[in-house]
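Protein chains in written order, with the working numbering: chain A, 13 to 284; chain B, 11 to 581; chain C, 499 to 1005.
To be clear, the hints were calculated from the coordinates, so they are not data collected in a lab. Remember, it's a predicted structure, so these values are computed and weren't measured experimentally. No residue lacks a Cβ here, since even glycine has one placed at the ideal position from N, Cα and C. Incorrect hints may have been included.
[As the list claims (entries may be wrong)] Covered stretches of chain C, as calculated for chain B (at least 3 residues, CB under 8 Å): (1) 584-595; (2) 747-758.
[Stated by the list, open to error] Computed Cβ-Cβ distance ranges for the label pairs, DEER-style: (3) A:60 to C:793: 27 to 37 Å; (4) B:66 to C:990: 47 to 57 Å; (5) A:268 to B:66: 49 to 59 Å; (6) B:34 to A:78: 21 to 31 Å.
[Said to hold, decoys possible] The list that follows gives simulated cross-link-like pairs (lysine-lysine, BS3-like), each with its CA atoms no further than 27 Å apart: (7) C:541 to C:729; (8) A:75 to A:250; (9) A:250 to A:38; (10) B:204 to A:38; (11) B:204 to A:75.
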Amino acid sequence: MANIALSADGHGHSAAEVAHKNSNQKLAMWLYLASEIVIFSIMIVGYAIWRLNEPDAVSNIHKTLSIIPVTINTFLLLSSSWAMVMGLRAIEMGNRQMFMRWIGATALLGAIFVAGQWLEYRELSHMNLTLQRSDMTLEDEIFESSLEISQVDGGYEVNVLNQQILDGLDLSYDTERFVEPTVLTEQEYAEFEQAVTTEVVGATANFGMRFYAPTAFHGFHVVVGVLLALQVLYLGSKGFYDDNPIGVELFGLYWHFVDVVWILLFTLIYLV
Amino acid sequence: MATISVPIGERQTQSMPHWTEYFRWTVDHKIIGVQYGVTAFVFFLVGGALAMLIRWELLTPALDTMASGTAYNQLFTIHGTIMIFLFVIPMWGAFGNYLIPLQLGAGDMAFPWLNAFAFWLIPPAGILVIMGYFVGQAEAGWTAYPPLSTLFSGDGQTLWAMGAHLLGFSSILGSINFLVTILNMRPEGMSIWKMPLFCWAQMATSTIAVMATPFLAGALTLMLLDRVGGTSFFDATQGGDVLLWQNVFWFYSHPAVYIMILPGMGVLSEVLSVHSRKPIFGYRMIGLSSMAIAIVGFFVWAHHMFTSLQPELRIPFMVTTMIIAVPTGIKIFSWIGTLWGGKIRFTSAMLFSLGFLSMFVIGGISGVMLAAIPFNYQVHDTYFVVSHFHFVLFGGAVFAIYSGLYHWFPKVTGRMLNETLGRIHFVLTYLGFFFTFFPMHMAGMLGMPRRVAVYAPELQTWNVIISIFSFILGISTFVFVGNAIWSVARGRRAGANPWRALTLEWATTSPPPAWNFDEPPIPFEDPYGYGTDAATAYLDAIDRTFGVPEPPRPNITGGNSPEALPSPAGD
Amino acid sequence: MATTQHQQSSNSATFGISLVSIIIFGVAMVIFGLVIGGVFTAKILPEQASEQAIATDGLFQVLLTIGSMVFFLVQGLLLISVIRFRHRPNDVTDGPNIHGNVTLEIVWTIIPSAIVVVLAILSYVVWQSNSAPQDQPNFVNGEPITINARGQRFAWTFEYVTNVELPAEEAGAVTVQNDGEESAPEMVSFTTNELHAYAGQNIELQMQTADVIHSFWIPAMRVKQDLLPGKETTIRFTPIATEEGFPYTTLQGPFDLLLEENGTRETRSFGDSTQLIVRVIGEESGGNLTRVQLDTGLQALVDSNLIGPKYARYRLNCAELCGGGHGEMYSYLIVHPDEESYLAAFYDGRVDAVLNPPADPILQGERAITAYACAGCHTLDALGWSGMTGPALNGIGDRAGGRAGSTGVSNGAEYIVQSIRHPQDYYVPGYNGVIMPVHDSTDDNTNTYMSQSDLIGIVAYLCSQTASGDITDSTCGLESWQAENNTLTDPAAVISELQALSDPYQE
């Protein structure tokens, strides 16, 4: 190397600089999302392990969670992702008006999702599902749907409609007796009631924190997303993205990520 | 390509920014770097003072200096938290911030604003952590195992968790910035295989930080929910699981050990090569072993849980833990290979790097011992472990930090640190460190658990020895502080390239101007290509462009000191 | 191993190392490793007092030997480098432009890999043999017993569920229930603050924690296992006779000690309720006197006839941070030389105390109180407690009466009742933020359950703790508390009066 040089000629051209900055920002966004994935994965894996250990409790819970509003909500969130794609496409083609509409739709759908989630939380909290360990009003429901109990002479007659409820009951007498309607003494019935309650409550009582932590954390991301969408909308209206829509693209990445996480959570918590 | 046409010495008169700049929001990576560094060092002094109190308490086997066991527990909790989250990690942030753009010939980081934001998260986080101390009862150690940290600790623990959360967030943002800068902002002509090894180390570090720190964030979120939200993720009586915390925490915190040591290894690769005037030995292996450590580091976490994990799961982690010794060994042998045949200059920077080599290897050996499960049972959670991680984090990270400070101080301030004081600092630190921490091995094996204020009386002798040398270690810090303060004002002018190093941060004035380089610099073909005519010519060109260092003043440095530099061959 | 490395490096002419120097270095390295491993293994580890310790120490010796060789190799090369390749004055040239050596790099990748594989296999083998279930665990009188270890901030308790059946009429009075099969007879069980074993007994502890994570560690046994909330963990070890033998003994009062301190001798007398654990050093003055060492490190002479059965004693630590009193959470493992002395000095007496409980509530209380975790936080010299987290109980019988007024209860005895049932109602000055759990009598499954009968005994016992040692000095304020020869004249009256006092505190 005889050619000793410490510096190169001139500076890069501005188009190249913009492209460079864009690629920087995209890489940073991907890295940020990677770390987000990790946080979510802790909650998702935590839920999944509990789910595997408590299949009975989950089937009871699924009976109580109302799936239809949530499904609609999910659909709305998915649509918002589509609106996002359309919005990005519009601004890339230079159509600012369409862009404003689509991003507006994205923000609106996101807001509706948050509202829907809020309503769901309210209903669940009426059912006594809280962050603390607590039994949902499930207990009564399970007694009603699975057992027929009537007071007779010398105790209670118990007719088990759903034999599954007997699984894992810890009783001092044999559960074979419940194949047919059985008369239990007061003492035996007290034990039976206690055991059923423990079995139901014990497993479902921890559902609250495992449900609220990931969904609320996700909800928080949607709220942030809606605020970002409004910001994008505001800047877009000023023509900020006309030359370089990278900001919209980055927001899009975030929004799709939030969407994908919801699909995972929805499948895991409400479906399986 | 253009050759240099600037008159000799024209750019020498660069001076540091006005001191008020350092207390303001600014997006200049050099100022942010100094902000990181000074903040971290202040926390180092605070954490060190706490350590002195700990050692004072341990002079006797009974509880005497501290008011209660809880007060003692808070001492080491805050000591550990400060040293890890508020000193070592931000200190590497300081080095990364200052050096990465310079070494890559860039004007600034990829995201200057984000950079400033990540820094300004640290002071409030530090205040939260320290408030945790004054509010009280943050006594669960830096590992904060529940249920002690959830059900049995006071409000200080909540503040502690919030502080740690903020620090994690800052670390993630900083690391994203580093990664993008390193991956996307290298100059033309610098492929990833021609990057300085410090950047390689920071790349590995940042990868770990981005992928692992969120685990800490997740775990701390759950802990805060348990503490203030009424959940019971970690409460076994309510359906939670205490091992969940240990698994998630160590899944972050073991890689975090590498977050703390890998940049130090990067510093070592720079310093050893420059100060022995010889190319780094096995560049690729050093770079790749950083990545190997980063990756394998994700699969060893449960060796912190050998006494709590289900027995059958312990074995795989023993194996992975032992494997990680291999890339570490590669680095150590490569560094010795670098020294071998070189022209070793015993500058303070070099002394601390040599100190790192000789101390870190002890930490490595005790690490392999700890991985052997049957022996681990004896020393798990004892002073043996305390000794091990101080050999890694003090003998490793802190020695590397000192080495880096001596090496790059001229670049940051434009002035050299005093070498005589530097050597006094090294001798005190080296001896103080070794005799503080080496006897801890024995104390641990003989039966001293860690985190106790009350211990078996027969262990007092060991503890008195440890405490006395720890005070020497404490005093040694002030030699450095005095040296730094004096040298900032009065030190010898460094010139652009006092060590005649080939990496790009030296190819500009000291301190560098705004945007670092007046023109995009062209890196030398090999960042460690010492011993060739081309390298000498390149270094001479730097000297011609930016000027040479002020010659040593005999009345200050004490005559013909060994750090006397080769004069440019052109003279 | 490193010898090969140097042979490899000598192939590269630039390194300029002669074969002879490599061999000298290699031999020195091996000798250094063997010497360090051979000499220091035993010196830097505590007594080898279990079978597990022998295997673990063997592994450690290998680790130390190899570790020392690596240490020698790296430090040696470093030292040679800095001396041989130091910068000479006026040398302005750079070092040679060498970028690496593939052979060498392969060598120093493969050799360490091979070493760690060997170490991993060796560790696995030792681990396997140390942690595998043993034959005849916890055998006493040819049959197994169950030992439950419990950690509670900040004390250890050990519950022995023996193989002695409880007589039918007594069954049900004991809190330990056998779940499951109703036909199973109830066994005698008792609780101690120290763990007892005999040399050669295969110990297997079922461990549970009452609150936070603790860790069971006996350095001399080389075993450690955490106690995890919500789980039961197991630890296994086999104490053996060591070279030190069984040097400890318990001096039973009354006795006189000839204390030696700073060259002066001083006789001190101890009352008949004193129990003092000392380490026997040797006989003097023709066998009439025995030199012993106290826990404080002081040495003393004592009449040889007073030396009772001897045993070995090892400190048992909590190794996982559990709160303010973590350092004080230790106890001892007492190893008796053989099964006979184990039965005579420990086991039979404890079983007998359950089968034939004493009438005196003070004696009942003295037994009952050791089943609780009081020792972790309180100091009580009579029982050898030294906890610092809570107020000391020495002389509590003198103070209780005075405290009654400031807490609004009727007398000293009720003050103690209140302090146990509801510790948060009154803080002793200087002890704000009480850690002590509420000991209620509602649910015997909770960790802090205390039965009414235990409470009565414990209150009587604490009332008897006066500075003078004379129980008539008690300020507990019970009318029936009258004593003769330092024993209660009417134990039954004291019990019924305490019963009446504590009934309102029964939940």
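Structure-based check of all given hints:
no. : hint                      : in the structure
1   : 584-595                   : holds (count 11)
2   : 747-758                   : violated (count 0)
3   : A:60 to C:793: 27 to 37 Å : 53 Å, violated
4   : B:66 to C:990: 47 to 57 Å : 55 Å, holds
5   : A:268 to B:66: 49 to 59 Å : 57 Å, holds
6   : B:34 to A:78: 21 to 31 Å  : 54 Å, violated
7   : C:541 to C:729            : 37 Å, violated
8   : A:75 to A:250             : 50 Å, violated
9   : A:250 to A:38             : 23 Å, holds
10  : B:204 to A:38             : 25 Å, holds
11  : B:204 to A:75             : 61 Å, violated
Of the numbered hints given earlier, the model fails hints 2, 3, 6, 7, 8, 11; all others are met.
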